[in-house]
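**Student:** Residue numbers (numbering that gives the first Met the number 0), protein chains in the order written: chain A, 0 to 360; chain B, 0 to 360; chain C, 0 to 360; chain D, 0 to 360.
Worth double-checking, as some hints may not be accurate.
Repeated chains share a single entry, so a pair holds when one copy, or any two copies, can fit it.
[Said to hold, decoys possible] Calculated lysine-lysine pairs in the DSS-like style (CA-CA distance at most 30 Å, straight line):
1. K98 / K42
2. K322 / K199
3. K270 / K199
4. K312 / K270
5. K312 / K42
6. K256 / K322
None of these hints come from the bench; they were simulated from the model.
There are 4 protein chains.
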Amino acid sequence: MGGNIFGQIFRISTFGESHGPAIGVIIDGCPPGYSIDPDLIQKDLDRRRPGQSAIVTQRKEPDQVEILSGIFEGRTTGTPIAMVIHNADQKSKDYSHIKDQFRPSHADFTYQAKYGIRDYRGGGRSSARETAARVAAGAIAKQILARSGIETYAYTSQVGTVEIPPNTPIDRDVIERNPVRCADATTALAMESLIRDIRKQGDTIGGVVTGVILGCPAGLGEPVFDKLHADLGKAMLSINACKGFEYGSGFAGIALKGSEHNDLFEQLDGKVITTTNRSGGIQGGISNGMDIYFRCAFKPVATIMQDQASIDKSGQPVTVSGKGRHDPCVVPRAVPIVEAMAALVILDHLLRQQMIMATMG
Amino acid sequence: MGGNIFGQIFRISTFGESHGPAIGVIIDGCPPGYSIDPDLIQKDLDRRRPGQSAIVTQRKEPDQVEILSGIFEGRTTGTPIAMVIHNADQKSKDYSHIKDQFRPSHADFTYQAKYGIRDYRGGGRSSARETAARVAAGAIAKQILARSGIETYAYTSQVGTVEIPPNTPIDRDVIERNPVRCADATTALAMESLIRDIRKQGDTIGGVVTGVILGCPAGLGEPVFDKLHADLGKAMLSINACKGFEYGSGFAGIALKGSEHNDLFEQLDGKVITTTNRSGGIQGGISNGMDIYFRCAFKPVATIMQDQASIDKSGQPVTVSGKGRHDPCVVPRAVPIVEAMAALVILDHLLRQQMIMATMG
Amino acid sequence: MGGNIFGQIFRISTFGESHGPAIGVIIDGCPPGYSIDPDLIQKDLDRRRPGQSAIVTQRKEPDQVEILSGIFEGRTTGTPIAMVIHNADQKSKDYSHIKDQFRPSHADFTYQAKYGIRDYRGGGRSSARETAARVAAGAIAKQILARSGIETYAYTSQVGTVEIPPNTPIDRDVIERNPVRCADATTALAMESLIRDIRKQGDTIGGVVTGVILGCPAGLGEPVFDKLHADLGKAMLSINACKGFEYGSGFAGIALKGSEHNDLFEQLDGKVITTTNRSGGIQGGISNGMDIYFRCAFKPVATIMQDQASIDKSGQPVTVSGKGRHDPCVVPRAVPIVEAMAALVILDHLLRQQMIMATMG
Amino acid sequence: MGGNIFGQIFRISTFGESHGPAIGVIIDGCPPGYSIDPDLIQKDLDRRRPGQSAIVTQRKEPDQVEILSGIFEGRTTGTPIAMVIHNADQKSKDYSHIKDQFRPSHADFTYQAKYGIRDYRGGGRSSARETAARVAAGAIAKQILARSGIETYAYTSQVGTVEIPPNTPIDRDVIERNPVRCADATTALAMESLIRDIRKQGDTIGGVVTGVILGCPAGLGEPVFDKLHADLGKAMLSINACKGFEYGSGFAGIALKGSEHNDLFEQLDGKVITTTNRSGGIQGGISNGMDIYFRCAFKPVATIMQDQASIDKSGQPVTVSGKGRHDPCVVPRAVPIVEAMAALVILDHLLRQQMIMATMG
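Chain A on its own, in the form it takes in the complex (with noise of 0.2 Å):
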């Protein structure tokens, strides 16, 4: 009811404020039996994490995780596993002087509206600090995945203007090469090229993630209201910042005729698939054993590096003044953090699933 719950079977409940101590998650539900490896999971982390690169935030967060529990001797035992994210910068700054302020475009006033308090530093509980431990989460889940041959990728097509351009092939490798973790190495340059301007500009700008699930068997998604499509948007649409999101042909789709949409059966080699894939993978909200792909659309950061005038808790007027650090464009560290929320609800659906395998008559 709170929110902070996310999945039916592996169920992750995260807590942490921006500067409080520490942030974390516990999984309750991962199956047993799975070696984990820690190192992994730091991985992840690493490219979520502020500083990485001369693009994102220069935030000084190590983001160094600590299991406590649900895994003895190297493997998942089926009970709860906690993990914990320190706040290493938690008390660098001073913030008083956004304390009664409103910043504009973030959750301060709504915060404020829907619990009457609201811990203000560096956003708290409403940062995008708070998807480290979906990524620490979503790390064990791919490992999961891999065991049944199921990956997920995703990567920055769209910044502000600038995208891939049409039919241009996926390079997968070329992703963790450049730091806008584009797919494309021109299009790459290009996108950091406008990042950079952008920031020093003292402004932020949008793009667009396109997330990938490679390997999932037919079956997955569970209609009528849990379809695998409306489980991935609403995980995405969870996260920090985004505003859309769309699968398959998604809003394209609407100009095509059903005659030029419909993706034909065939068999092939025993297995059943389709000549084309404008369903993206997904029909009837269950997954049709092709791959599965989608677009998330990101706005701009809210904090900008100029003055903007707003209101403070008593709504008189005040200026806000941009300082300090800020991501000028939100999409390179959101790709593993589409990746996670995509793993969760992949290895939910797939634990669901694989119970009806397991229990049909």
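Given chain A, work out where chains B, C and D should sit, using these hints.
**Tutor:** Below, chains B, C and D without anything else, positioned relative to chain A:
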């Protein structure tokens, strides 16, 4: 877990197949003491039902709702409200020709893959007929929301490439006066004409439904996972044929800079407002008191009146022949479904927030 | 949240008032592919229904079940199973005399205090009539459990102070051959005689139902909160008039020493067993493969055929007069309800555990 | 699904093994704005912790709680409250001798059967050490309940066959003045003496904890499944070693007639009361405003200081030798756990009911 339950407090369970005896819904958690007008439930069902105009499927279904419990002497009692709609047209057709076929871009294959068995008559549970139960529940939610001054409405904003021109003033009165449910009379004519053409071709076309929520107080939505727009997104994406969701500036916001995108706060007549509303009424996942608006992309209906190549259960090539009744465009009938799902989400979150307000220290 | 939903995977939602049009249930999460015999559902309903013998209430209710969805060509499809039982006797009585009265030890006052409104006809939702929906759902659960070799049964072990003597061998065949559903023929006669005496006095009497689960594999139950016996306890305590629950040695185990109480493990024919079973088949909240047994205490029915002092809604003293039909002892009709609730809990946990077995690394 | 989450609104997730790095809890759904005194949390933990008196286990654990989130400037913020208790004594012991053994009436065998793997050190997750996390969460619930005038307390009412004589007045002040936590000073001495004797024998003994809730308003509890006493029952039965639960007249009520058992209503000073309270403050699953009381049966602790026959993982006979530290009777330390679980259930239902009150039409 089965995926047929939606909502946390105002929780609905739906049931029923397209050609079984009945479909229906139980609402658990409806607050007590509300007068409910059954005619308003029927009115919304009539807006969704087949045969309502020349541009929708001509299946004969009166969709007459029967209330079995939870309302006593005209008022809700706090106990479960069960509603049933008997299928009138359930036996009129022979479905043996599609018994073993997988229709392109339908859920035949995925249901078979998931459950190993399926009710193939008219799509069974995967039929959009199921949404009638949502509309019935949503009609009760709307009546309760009205008591708090909250209204949800929706309209067709695009069919194929025909869309309401930018900056056209929205006239709510126009919506129910044209069979497309477009909010602009001139565009409505063009849309209707397009749908008639498409139908003549034995084809189908996609579209966009825009949803609006008026009068929503600040404070609704639960960070971090149950953000208001994340739950709206899941709700809309769970509607048959929905392929994308965006709110506020949505995908278009990507190209803006933060300085262009941020909404500035002002106090007006003692109420906090924003001078623009690119946030779509939601900031940090919580409503801010401004109008909430969002857009849902619907793909072209998969059932077309043309022959298509496919395979059957044994993997053999077959020709799927289109015949009988179908919707050339799902959007006109999707409008009341979008409204219903919006009402269900908003009421659920209103109850969640009213609890917080009632219990804060 | 509304409290009318039970179970995690095999999840039931019930609805209906004693004198409304109908009661019923939706099962969401029933595994697909199981043949279901509707006669077995009806048979269990007949064991619960009024008028079945001279020692139960004579209300006329055939309790005929109608299946509305989820079963196709005799087999479960994995989609929701809805069942409805129409109330035949709903209009036969004038309830205006109790409209504003609070009957002693009934739920009239508490429903009024909770909801501010109540359907006063025959107790409305608080009537034990609601349990028919549980029995119908439980009858499906039993059929699925039978496929895994698991059986639930129950019997009356005590009425007032008449109880089956210690160490009496339990004869399952005897249970349905006497109207009390006692597992010992001699004791059954004494119980029946007591109930007839009590009825002549216009009074009521309590009793104990013992429940047994045979064939349950080791591994069911989820620590730490959803321990198998904790969920069984909640299930039984949720039955009208149930005031206590104990399993294994129960309250009697208090007086034993650990050295007397511990069950020793042995291996027998390759299977781990315990030489005694004071644990009642459950250790650490998880089934150990031995028989599960438990006892449920039922208080005397609150409706008596005597005048009682009480108050009305305005706090004024009134005399509540007993009249009409009533059960002198709830226990005979509670037996199939206990079985049904046990089957629902065990099946739910079986599915949970089968998922773990199917997904472990 | 994993079973480590409890509650609907005030929802706790616990984690941790007996000999892992830490145990802890996240509370999601704590209402905002409450001042929380950390000393009161620690005080309850001190009442539960090992080593507190001569009649409990001498394991050295300070059980120092650390709050990681959700409380800002001393008040709850509505965001998740995480609390961690590091295990001080985690490495002090060699557990290799029980690595492959199944200790009688412990959860060693059932965890192995369920998960195929287990942390055997000190029982791992099955250790009652886990309940410290519940006590910490319960201590916060108690502080919030106090603001509504609701108090929960518990006491030892029976150890072995030594019980507080009937009609003995309960003196709450006595409870914390004796190591047994008995509410009667004379009986306390007899109980303590019995426990010392039992310990000398290297044996253990069971007991009863009585729980009481004062000041609970009418209206708490959600029919039909989430009846207040059903949720209390599940909560208590989920505590390690609890074998039975009864409320109000409980098992003793069986032998009464309805005319003897019914509680008559009266109005006193404008408040509805009952002249007797065999209902234990709950009617139809909903609180009626009278005191709530219940009794929990605890079996003798399974760990005894005697040799016992058992088997190991391969089914071979072994001798399990008792050594080290143990509780001769769990009841004194169970008292704060019963209180905590009662507070968690009552607060959860209070929030549920306050929502209904705040939203009724």
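**Student:** If a hint holds in the structure, say so; if it doesn't, say that too.
**Tutor:** Tested hints:
no., hint, verdict
1, K98 / K42, "neither (35 Å within a copy, 33 Å between copies)"
2, K322 / K199, "within (13 Å within a copy, 61 Å between copies)"
3, K270 / K199, "neither (53 Å within a copy, 36 Å between copies)"
4, K312 / K270, "between (61 Å within a copy, 11 Å between copies)"
5, K312 / K42, "neither (41 Å within a copy, 37 Å between copies)"
6, K256 / K322, "between (51 Å within a copy, 17 Å between copies)"
Hints 1, 3 and 5, counting from the list given before, are not met by this structure.
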